[in-house]
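J.: Residue strings, one per chain:
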Amino acid sequence: MMEHASTLTICSQCDLVQAIQSNNAVDVAHCSRCGCHLAHRVDDKFEFALSLLIASAILLVTMNVFPLVEMRVNGNTRATTLIGAVQSLYSQGMVSLAILVLITTILSPAIEIGCLLMIVLSPKLQKLAPSIHHAVELIQKFHPWSMVEVFMLGVLVTLVKLAAFSDIILGPALWACAGIILTLATLKATIPMHQLWNWSVRGIK
Amino acid sequence: MTGASGKSLGLVICNRCRLVSKMSGKEVEVLCPNCSANLSARKPHSVTNSLSFLIAAAICYIPANIFPVMTTSTMMGSEDDTIISGVILLVNSGSWPLGALVFFASIVVPLLKLGALTILLASVMCRSTWAPRQRTQLYRLVEFIGRWSMLDIYVVTLLAGLVQIQSLASIKPGTGAVAFGAVVVFTMFSALCFDPRLIWDYLE
Chain A
30 MMEHASTLTI CSQCDLVQAI QSNNAVDVAH CSRCGCHLAH RVDDKFEFAL
80 SLLIASAILL VTMNVFPLVE MRVNGNTRAT TLIGAVQSLY SQGMVSLAIL
130 VLITTILSPA IEIGCLLMIV LSPKLQKLAP SIHHAVELIQ KFHPWSMVEV
180 FMLGVLVTLV KLAAFSDIIL GPALWACAGI ILTLATLKAT IPMHQLWNWS
230 VRGIK
Chain B
1103 MTGASGKSLG LVICNRCRLV SKMSGKEVEV LCPNCSANLS ARKPHSVTNS
1153 LSFLIAAAIC YIPANIFPVM TTSTMMGSED DTIISGVILL VNSGSWPLGA
1203 LVFFASIVVP LLKLGALTIL LASVMCRSTW APRQRTQLYR LVEFIGRWSM
1253 LDIYVVTLLA GLVQIQSLAS IKPGTGAVAF GAVVVFTMFS ALCFDPRLIW
1303 DYLE
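Chains as they are written, first to last, in the numbering used here: chain A, 30 to 234; chain B, 1103 to 1306.
Don't read these hints as lab results, they were simulated from the structure. One or more hints might be untrue.
What the hints assert, rightly or not - The calculated lysine-lysine pairs, modelled on DSS-like cross-linking and capped at a C-alpha distance of 30 Å, are:
#	chain 1	residue 1	chain 2	residue 2
1	A	153	A	170
2	A	170	B	1109
3	B	1145	B	1124
4	A	170	A	190
5	A	153	A	217
6	A	153	A	74
7	A	170	B	1124
8	B	1145	A	170
9	A	217	A	170
10	B	1109	A	217
11	A	217	A	74
12	A	153	A	190
13	A	74	A	156
14	B	1145	A	217
15	B	1124	B	1109
With these hints in hand, go ahead and build the complete structure from the sequences.
T.: Put into structure tokens, the structure is as follows:
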């Protein structure tokens, strides 16, 4: 049987110092005391990450440019884009809500995808390298506030409410929204934070 | 199960690059030698910050439920909807699975978050050694479900953006929505400030 080297790690939620097998010997490692996720197998899926990110970027633009839904009542037609909905909150005097929706559905996903692209592209574009650690920091700061999946559910609830008294046509942005949820979730599941850092370091060297 | 904590051994892990490095107790600001991220054995002022946000959230929770989240104006007059009346309306109109979903996201989740954070903070402040593993799991639950209470905010945003047909009906967001948004943001900040490692500190 092959012996695997182990490395020392510390659980981020209960601070227990423990050894885990290094070199991807196990698929996933959990803390022996509190059960928190410690690490999982990371294959160097650089190209996979890049393709997912390019797809996310295209979807992000689609989600922000095209209308989300179109509503038809008695010959009146009304469509709204994501930014249009935020604007209408703003014009109705709900500035704080407009800012909250803007940050959670437009800014945070855009920052996340933009910074991830920067990190992944940095080995190719040396110009980006010096600002990489700001990108990693920004991703960590904005990640909890990126709520595209909750927004998607909100759209579905709204559609059911409106379908009772109007015709609803789903817009391209809605499909883009669903796509972004899938691409971002896959990215998050395959690439942990420290792997991003490793890539960014490789970019600097 | 017992073991040594990073703090007791003077070791700290970088949450950016996962490097474990040495840290003596006296240093206040230490940078990771690998990636120069800030290192700290515990989140600074965790209990105070987390408690302040929790109190702010609890205060906002009252107007969030009293004031209407949106006002629907039609030719027949205008109607105010609070969070609870919105759920009741959904259930009565026949879409009870949807009603259950909104009930969960806008009533169960915020209450659960307020309750769970109170338990976590109270137990840490009392230096409790009770069920640390379960309390850590509770923390993970709060972190995971916290975002889902934004659901109602998005529904109001979209309804207010779409239903603006002058002759027929228009929907305007209300003060309740602002207060509810504040509850979501404050509980999320409270959870982000809380350091679950404090739960384990009194066991050693």
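J.: All hints, please: hold or fail.
T.: Comparing the hints with the structure gives:
1. A/153 - A/170: Status holds; Cα separation ~25 Å.
2. A/170 - B/1109: Judged against 30 Å, a Cα distance of about 24 Å means the pair holds.
3. B/1145 - B/1124: 17 Å, holds
4. A/170 - A/190: 34 Å, violated
5. A/153 - A/217: The hint holds at about 22 Å.
6. A/153 - A/74: 16 Å, holds
7. A/170 - B/1124: 25 Å, holds
8. B/1145 - A/170: Satisfied, since the Cα-Cα distance of roughly 15 Å is no more than 30 Å.
9. A/217 - A/170: 15 Å, holds
10. B/1109 - A/217: Measuring from Cα to Cα gives roughly 29 Å; hence the hint holds.
11. A/217 - A/74: The given pair, whose Cα atoms are some 12 Å apart, holds under the 30 Å limit.
12. A/153 - A/190: 48 Å, violated
13. A/74 - A/156: Distance ~23 Å between residue 74 of chain A and residue 156 of chain A Cα, so the pair holds.
14. B/1145 - A/217: 24 Å, holds
15. B/1124 - B/1109: With a Cα-Cα distance of about 10 Å, the restraint between residue 1124 of chain B and residue 1109 of chain B holds, given a limit of 30 Å.
Checked against the numbered hints given earlier, this structure breaks hints 4 and 12; the rest are met.
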